[in-house]
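Residue numbers (our numbering), protein chains in the order written: chain A, 1 to 175; chain B, 1 to 194.
No lab work stands behind these hints, which were simulated from the structure alone.
Some hints could be false.
Said to hold, decoys possible - Okay, derived cross-link-like pairs now, SDA-like style, lysine to any residue, Cα gap no bigger than 25 Å in a straight line: (1) A:K45 - B:L42; (2) A:K45 - B:W44; (3) A:K45 - B:A165; (4) A:K45 - B:P122; (5) A:K45 - B:A120; (6) B:K191 - A:P107; (7) B:K191 - A:R113; (8) A:K45 - B:R117; (9) B:K191 - A:L94; (10) B:K191 - A:M19; (11) B:K191 - A:A106; (12) A:K45 - B:F61; (13) A:K45 - B:E116; (14) A:K45 - B:L114; (15) A:K45 - B:Y118; (16) B:K53 - A:P58; (17) A:K45 - B:L123; (18) A:K45 - B:L24; (19) A:K45 - B:K53; (20) A:K45 - B:S126; (21) A:K45 - B:K191; (22) B:K53 - A:L94; (23) A:K45 - B:G110; (24) A:K45 - B:I107; (25) B:K191 - A:L108.
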Amino acid sequence: MDREDLLALFLHFLMLSTMAIGGTQTVMPDMYRFLVDAHAWISGKQFADAYALAQAAPGPNVMYVTLLGWQVAGWIGAIATTVALIIPPMVFTLMFARVSARNPDAPLGRAIRRGLAPIAIGLTLASAWVLVRSINHDWRGYLVTVLTMLIVMRTGINPLWLILAGALAGMAGLV
Amino acid sequence: MQKDAKSGRETVEDTPQPPKVGALDIFLAFAQISISGFGGVLFWARRVLVDEKRWLSDREFVDLLALGQLLPGPNVFNVAIMIGERHAGFRGVLAATAGFMGVPFLIVIGIGMLYERYEALPLVQSALSGMSAVAVGLLLANVARMAMVLPRHWRTWVFGLLAFAGVGALRWPLVGVLAILAPLAVAAAWKGRR
Numbered sequence: 001m002d003r004e005d006l007l008a009l010f011l012h013f014l015m016l017s018t019m020a021i022g023g024t025q026t027v028m029p030d031m032y033r034f035l036v037d038a039h040a041w042i043s044g045k046q047f048a049d050a051y052a053l054a055q056a057a058p059g060p061n062v063m064y065v066t067l068l069g070w071q072v073a074g075w076i077g078a079i080a081t082t083v084a085l086i087i088p089p090m091v092f093t094l095m096f097a098r099v100s101a102r103n104p105d106a107p108l109g110r111a112i113r114r115g116l117a118p119i120a121i122g123l124t125l126a127s128a129w130v131l132v133r134s135i136n137h138d139w140r141g142y143l144v145t146v147l148t149m150l151i152v153m154r155t156g157i158n159p160l161w162l163i164l165a166g167a168l169a170g171m172a173g174l175v
Numbered sequence: 001m002q003k004d005a006k007s008g009r010e011t012v013e014d015t016p017q018p019p020k021v022g023a024l025d026i027f028l029a030f031a032q033i034s035i036s037g038f039g040g041v042l043f044w045a046r047r048v049l050v051d052e053k054r055w056l057s058d059r060e061f062v063d064l065l066a067l068g069q070l071l072p073g074p075n076v077f078n079v080a081i082m083i084g085e086r087h088a089g090f091r092g093v094l095a096a097t098a099g100f101m102g103v104p105f106l107i108v109i110g111i112g113m114l115y116e117r118y119e120a121l122p123l124v125q126s127a128l129s130g131m132s133a134v135a136v137g138l139l140l141a142n143v144a145r146m147a148m149v150l151p152r153h154w155r156t157w158v159f160g161l162l163a164f165a166g167v168g169a170l171r172w173p174l175v176g177v178l179a180i181l182a183p184l185a186v187a188a189a190w191k192g193r194r
């Protein structure tokens, strides 16, 4: 990966991080589009693996962004995507937190939150879709997905146990 | 924190006033939150910041989190930045960032190295396949939970489906989709506000 590609990677992730209102999972489909479809720097499988591994690792779920950078360009790639991820929240939080911390329920703030919430949901669904399309599961994989969803919603279980169970089920040849 | 002596509104905070919190305390607290967070950090953020350290009241935590949802980036990270700034200025911001992202950064790179080395092993492949299926289920549970707290209104369905269709099914670039959908969605919410 040359310098121009690295800069493109940094700038694209910087832009996505700026748009990541409602959590970073909302911009995941566009990371996929950029890394896998547009540039073919990594495969869809690698992308899905990075996401799954970061969910299992201690730390915020968003660390898949670091792992993607690592897969694309090693240390420098990991630093590029991580720094790109950090800067926009820092800037915006420092700019707006002091102004609006006193009244987070002001009408405009509420309208923005209410308006953007459905979009965030649609985008999170798109993230799940993108992952599903890139891992090529058969019906057993879908069954595990549906079971996971039901268990998480019905119980307060720590998701880590489910990921571990998924890994074991996979190793046992069940998925 | 007593910036608003004139309005008198900020002075009657029910916030417990802890002893001075330095950059190192902030770094350690957010490193603790972040690496305790297997499968999500929100639970630990509340526990450490509200229950253990008492840097925030319950109410304040909810308010800061709501504010974080308006801002780009992971919500707990937004909260980390606000707390860092509040207690130790820009040094506090850097400390919160280093604590929240620094240690997980190294951990995840370690995992990346192992992955590169053992990715091709069949056993690793099948473990990852199972983990991915679970990861998708976690995301879908997220979707369902977020959808359940929204009012059942045509707006919710229309904008949710359009966002999904544009970015997920059609794979259009996010910038374009958001540039069109976000203003419309906010305007609709503004018009329909009560």
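Here is what the structure says about each hint:
1. A:K45 - B:L42: 28 Å, violated
2. A:K45 - B:W44: Distance ~31 Å between A:K45 and B:W44 Cα, so the pair is violated.
3. A:K45 - B:A165: 22 Å, holds
4. A:K45 - B:P122: 14 Å, holds
5. A:K45 - B:A120: Holds, at roughly 12 Å.
6. B:K191 - A:P107: The given pair, whose Cα atoms are some 11 Å apart, holds under the 25 Å limit.
7. B:K191 - A:R113: 14 Å, holds
8. A:K45 - B:R117: Holds, because 16 Å separates the two Cα atoms, which is no more than 25 Å.
9. B:K191 - A:L94: Judged against 25 Å, a Cα distance of about 29 Å means the pair is violated.
10. B:K191 - A:M19: Holds, at roughly 23 Å.
11. B:K191 - A:A106: Distance of about 15 Å is within 25 Å: holds.
12. A:K45 - B:F61: 38 Å, violated
13. A:K45 - B:E116: 13 Å, holds
14. A:K45 - B:L114: 16 Å, holds
15. A:K45 - B:Y118: This hinted pair holds, its Cα atoms lying about 15 Å apart.
16. B:K53 - A:P58: 21 Å, holds
17. A:K45 - B:L123: 15 Å, holds
18. A:K45 - B:L24: 40 Å, violated
19. A:K45 - B:K53: Violated: A:K45 and B:K53 sit about 42 Å apart, past 25 Å.
20. A:K45 - B:S126: Judged against 25 Å, a Cα distance of about 12 Å means the pair holds.
21. A:K45 - B:K191: 43 Å, violated
22. B:K53 - A:L94: 23 Å, holds
23. A:K45 - B:G110: 19 Å, holds
24. A:K45 - B:I107: 21 Å, holds
25. B:K191 - A:L108: 11 Å, holds
Consistency with the previously given hints fails for numbers 1, 2, 9, 12, 18, 19, 21, ordered from lowest to highest.
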